[in-house]
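Same order as they appear, the protein sequences are chains A and B.
Here the first sequence stands for residues 77 to 180, numbered as in the working numbering.
Here the second sequence stands for residues 7 to 227, numbered as in the working numbering.
A hint or two may mislead.
[Claimed, not checked] Chain B residues, not near chain A, derived (Cβ > 10 Å throughout):
1) 58
2) 100
3) 124
[Unchecked claim] DEER-style ranges, computed between Cβ atoms:
4) 105(A) - 52(B): 26 to 32 Å
5) 105(A) - 226(B): 14 to 20 Å
6) 77(A) - 164(B): 26 to 32 Å
7) 13(B) - 107(A): 17 to 23 Å
8) 174(A) - 184(B): 33 to 39 Å
9) 142(A) - 100(B): 57 to 63 Å
10) 144(B) - 78(A): 39 to 45 Å
11) 149(A) - 52(B): 35 to 41 Å
12) 159(A) - 129(B): 32 to 38 Å
13) 107(A) - 74(B): 26 to 32 Å
14) 160(A) - 148(B): 45 to 51 Å
15) 157(A) - 45(B): 34 to 40 Å
16) 110(A) - 124(B): 22 to 28 Å
17) 126(B) - 157(A): 20 to 26 Å
Hints were generated in silico from the structure; no laboratory data involved.
All of these numbers come straight from a predicted model, not from anything done at the bench.
Cβ coordinates follow ideal geometry from the N, Cα and C atoms, glycine included.
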Amino acid sequence: MREFLVFVAAGAGVYLARASFIAAVGDRTLPEWAERLLRNVGPAVLAALVTSLLLTDGIGSFVTNPARLLAVAVSIPTAVKTRSFVWTFVVGMAMFWTVGAITG
Amino acid sequence: MHWPSARLGMRHMAPLLLGAFPFGVVLGVTVAESTVPDWAGWLSGLLIFGGSAQLVSITLLGEGAPAASALAAALVVNARHVMYSAAMVPKFRHQPRWFRWLGPYLLIDQVFALCSVRDDEPQRWRSYYLGMGILALSMWMIAMTVGLTLGAVVPDGLGLDFGIPILFIGLVVPTLVRRPPVVAALVAVVVAALTTWVPHRGGILIGGAAGMVAGAIADGR
Chain A
77 MREFLVFVAA GAGVYLARAS FIAAVGDRTL PEWAERLLRN VGPAVLAALV TSLLLTDGIG
137 SFVTNPARLL AVAVSIPTAV KTRSFVWTFV VGMAMFWTVG AITG
Chain B
7 MHWPSARLGM RHMAPLLLGA FPFGVVLGVT VAESTVPDWA GWLSGLLIFG GSAQLVSITL
67 LGEGAPAASA LAAALVVNAR HVMYSAAMVP KFRHQPRWFR WLGPYLLIDQ VFALCSVRDD
127 EPQRWRSYYL GMGILALSMW MIAMTVGLTL GAVVPDGLGL DFGIPILFIG LVVPTLVRRP
187 PVVAALVAVV VAALTTWVPH RGGILIGGAA GMVAGAIADG R
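Turn these sequences into a full structure, and let the hints guide you.
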């Protein structure tokens with residue numbers, strides 16, 4: 077139930093972001109500085125999220141775990157080269173499982 | 007409804023859904039493997055209809071983060087939609103009131119990319135928009151259903167939770183094509199790494215905010 081309420085609130089927030097200017101009356105536009113900040117929300121927050129997930133306990137101890145370290149190491153160049161999250165996931169997880177099976 | 011325009015919208019959306027469909031499936035699997043109840047996770051598709059905001063909130067809730075952290079992270083990830091909204095104002099100016107309220111619900115990245123560049127008379131443009139938006143929403147919910155079904159049969163112990171940061175790497179790295187987002191991402195990584203001690207994963211928001219500011223400064227040069 078707690079999860080459901082979070083999704084309701086997040087849904088309302090995401091809807092408000094999308095409706096903000098469209099549903100408002102008049103013809104306002106974003107100031108230049110706000111647009112420059114918003115343009116980089118995706119890369120900045122997702123990069124911070126990956127870092128937080130890899131360095132703290134939930135997924136944790138990635139530096140001392142060879143399978144995890146190698147999976148991350150191989151997934152970055154894969155993402156650069158293929159520009160596809162599907163291939164990144166496939167190659168990264170293949171590395172993770174292979175090294176995991178070898179090192180036990 | 008102008009049906010030829012609606013059908014054209016669906017045809018233009020279809021190839022973009024080849025990328026979104028696997029994302030929806032992975033999201034469904036993630037829900038099935040996490041402590042988030044399946045029904046609530048499935049409904050997040052209808053309630054939020056935004057892949058990264060859903061994945062962020064499901065991941066954080068699944069590992070026991072407080073509700074407020076999961077909510078804040080989801081909202082910040084999708085804050086870029088304010089920019090889409092501002093850019094779409096001229097397109098919505100001649101639309102009826104009901105569509106100015108309904109339209110934003112369907113304003114995902116792919117709809118924005120296609121509809122912001124299309125010039126057409128208002129009724130046709132609206133049909134084009136609705137056709138692709140409704141197709142995208144239907145396929146998204148089907149993809150999540152497939153994922154939830156798969157997740158129920160995939161054995162535990164595969165370490166699929168580790169797939170989530172890998173998936174996020176695959177989502178963020180391809181967006182790093184110009185200097186400002188690269189600067190934003192690098193600063194965000196460094197600041198998030200230095201703030202992992204902040205409780206409730208506050209480092210995500212601190213690192214994200216630092217990255218946004220750094221990216222904006224790099225953009226101003």
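How the hints compare with the structure:
1. 58: The assertion about residue 58(B) is violated, with a minimum of 7 Å to chain A.
2. 100: It holds; residue 100(B) is separated from chain A by about 12 Å at its closest Cβ, greater than 10 Å.
3. 124: Given that every Cβ of chain A is farther than 10 Å from that of residue 124(B), nearest at about 16 Å, it holds.
4. 105(A) - 52(B): 26 to 32 Å: holds (31 Å)
5. 105(A) - 226(B): 14 to 20 Å: holds (18 Å)
6. 77(A) - 164(B): 26 to 32 Å: holds (28 Å)
7. 13(B) - 107(A): 17 to 23 Å: Distance hint for residue 13(B), residue 107(A) is violated at roughly 39 Å.
8. 174(A) - 184(B): 33 to 39 Å: Given about 35 Å between the Cβ atoms, the range holds.
9. 142(A) - 100(B): 57 to 63 Å: About 60 Å separates the Cβ atoms of residue 142(A) and residue 100(B), which means 57 to 63 Å holds.
10. 144(B) - 78(A): 39 to 45 Å: Distance hint for residue 144(B), residue 78(A) is violated at roughly 28 Å.
11. 149(A) - 52(B): 35 to 41 Å: holds (38 Å)
12. 159(A) - 129(B): 32 to 38 Å: holds (37 Å)
13. 107(A) - 74(B): 26 to 32 Å: Distance hint for residue 107(A), residue 74(B) holds at roughly 29 Å.
14. 160(A) - 148(B): 45 to 51 Å: violated (21 Å)
15. 157(A) - 45(B): 34 to 40 Å: holds (39 Å)
16. 110(A) - 124(B): 22 to 28 Å: holds (25 Å)
17. 126(B) - 157(A): 20 to 26 Å: violated (38 Å)
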